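Student: All chains, please: the whole structure from these sequences, using the hints.
Top line first, the protein sequences correspond to chains A and B. With this note's numbering applied, the first sequence covers 141 to 443. With this note's numbering applied, the second sequence covers 35 to 280.
Simulated from the structure, these hints should not be mistaken for laboratory data. Careful: at least some of the hints might be erroneous.
[As the list claims (entries may be wrong)] Quick list of the computed label-pair ranges, beta carbon to beta carbon:
1. B:S169 x A:A235: 35 to 41 Å
2. A:L422 x B:S169: 53 to 59 Å
3. B:E165 x A:Y246: 37 to 43 Å
The structure presented is a predicted model; accordingly, all values stated were derived computationally and were not measured. Where is the CB? At the ideal position from N, CA and C, for every residue including glycine.
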Amino acid sequence: MKVRFDRDVRRRWKSHAISVAALACVILALIPLASILVEAMIRGLGAVSPSFFVETQPAPCNPQVSAVCEQGGIANAIQGTLILVGIAAGISLPAGILTGIYVSEYGNNRIGRSVRFFTDIMTEIPSIVVGIFVYALLLELASLGWLDRRLVFSALSGSLALATIMVPIVARTSEEALKLVPTSTREAALALGIPKYRVTLRVVLSSARSGLITGGLLAVARASGETAPLIMTAFGNPFGFQGLTQPAEALPRIIFYYGISPFPNWQQLAWGAALVLVFIMLAISVVARLALRSRVARRGVVA
Amino acid sequence: MRLENLSAWYGSKRALQDVTLDVEEHAVTAIIGPSGCGKSTLIRCMNRMHETVPKARVEGKVHLDGEDIYALDPVSVRRRVGMVFQRANPFPTMSIYDNVAAGLRLNGMRDRRRLDETVLRSLKQAALWDEVKDSMDVSGVGLSGGQQQRLCIARALAVEPEVLLMDEPCSALDPIATAKIEDLIFDLKKQYTVVIVTHNMQQAARVADYTAFMYLGRLIEFNRTRDLFEKPREELTENYITGRFG
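Tutor: Okay, here's the thing in structure tokens:
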């Protein structure tokens, strides 16, 4: 005979209610994500054509006045984003990972704790402030005559701004990844008579590999989507890459710039650029997962 | 190996009090005692691993071949005094081969032939070769617990230490894996000086030539294993080995 108490019925009912509530929250959270993807697809695909990837900024066009509008493309922005983020990653990944190593492996002291405190604060700084900071810094240096005034609006200054945003992210994620490596792994290596710096570089770093890659890609993804710090540094460039000391374009910047313009051909490009940016993000995370998976498979982990 | 008035602290907490102990070469010395008595701290002082813990401190001397290891470079000491830990800790990202070769490789050895020879010799010494010879490229963490522990022993032997310290090497293993490791310890003493910490008195009685009994950071009694178990001189030792406390 099955005995049922009131309590049990109530408990079951509560359990169902909470499951339903959780599911509702999941759906609620997925709505914006899905609508972004769908909207970017529908509106963005209209812009995509072979010329979209090879041409640069078209002449602004009012369809009521001109019969034929130049379609143009976003080659300048794709190229610019790759260069800006590439240089920024080249600066920030080594700097950030080294900071993470210091704080995690050697930072059990006042300096280590203050470095961690300041990297924490730096991740919270609004990115527009970082842009103003780099702009003001370079302008100041230029007015002292230490560097060329043109550098204030250049691919280099844009990269510097993005790197400033990336360093604390990379530093914090690497520190966390390194701290997840168990002490027993460090001890095993130390007990073999391996000097500490080599234990850190060859054993700890490789054990934390997946966390480091994830952190690096997170920072790259974040930098690829930043608009604000580039407005006053990379500045934008409708023609394409003209050298590191010249202004450079970036995808999020043209989304902003074309998106608020009154010209339909520019607005169309903004939608297309949004779609490309979404795909770049997607590609980054897929590549990250594949890279991690193939590593493990090659090692042949059984359990 | 000779320990002289060895004391150790974690911060302000004293874990070892004036331990003096002669470790016989090419013999197995067991260290027994209840939890928290300083057994692990004692052997961690014997290859200078104790000082890797923040705020840890050591006083006294540990002589190895007539030299005080506290006057030497800790890295070179650890090459001469190897260690196996309580929980098997193979390097998670390395294959079986790489785990065993790690000690040599990370110290700059590149000669592939000598590495191959060393890996083969160490795995044979650790009685693991027959079980892993076809899977040298497989990750070390895919092995069973007992195999992992023998892998760690092979890894420690690969750098050809003089002394092998084992910190409760069987406490996480089942009886069959434990028996294998005990057989192995018996073979190892022909070539190495072995010091083993164990909380299992039967294990000490089975594998050790000498046994030291520790209590509350002090060395209470040290003798040939048979003598210590059959006619202990100290009342504390007798109470412990007869199971009256601990």
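Student: If a hint holds in the structure, say so; if it doesn't, say that too.
Tutor: Now the hints, each set against the structure:
1. Against the hinted window of 35 to 41 Å, the Cβ-Cβ separation of S169 of chain B and A235 of chain A comes to about 40 Å, which satisfies the hint.
2. Take L422 of chain A and S169 of chain B: their Cβ atoms lie about 37 Å apart, and the range 53 to 59 Å is violated.
3. Distance hint check: the CB atoms of E165 of chain B and Y246 of chain A are about 39 Å apart, consistent with the given range 37 to 43 Å.
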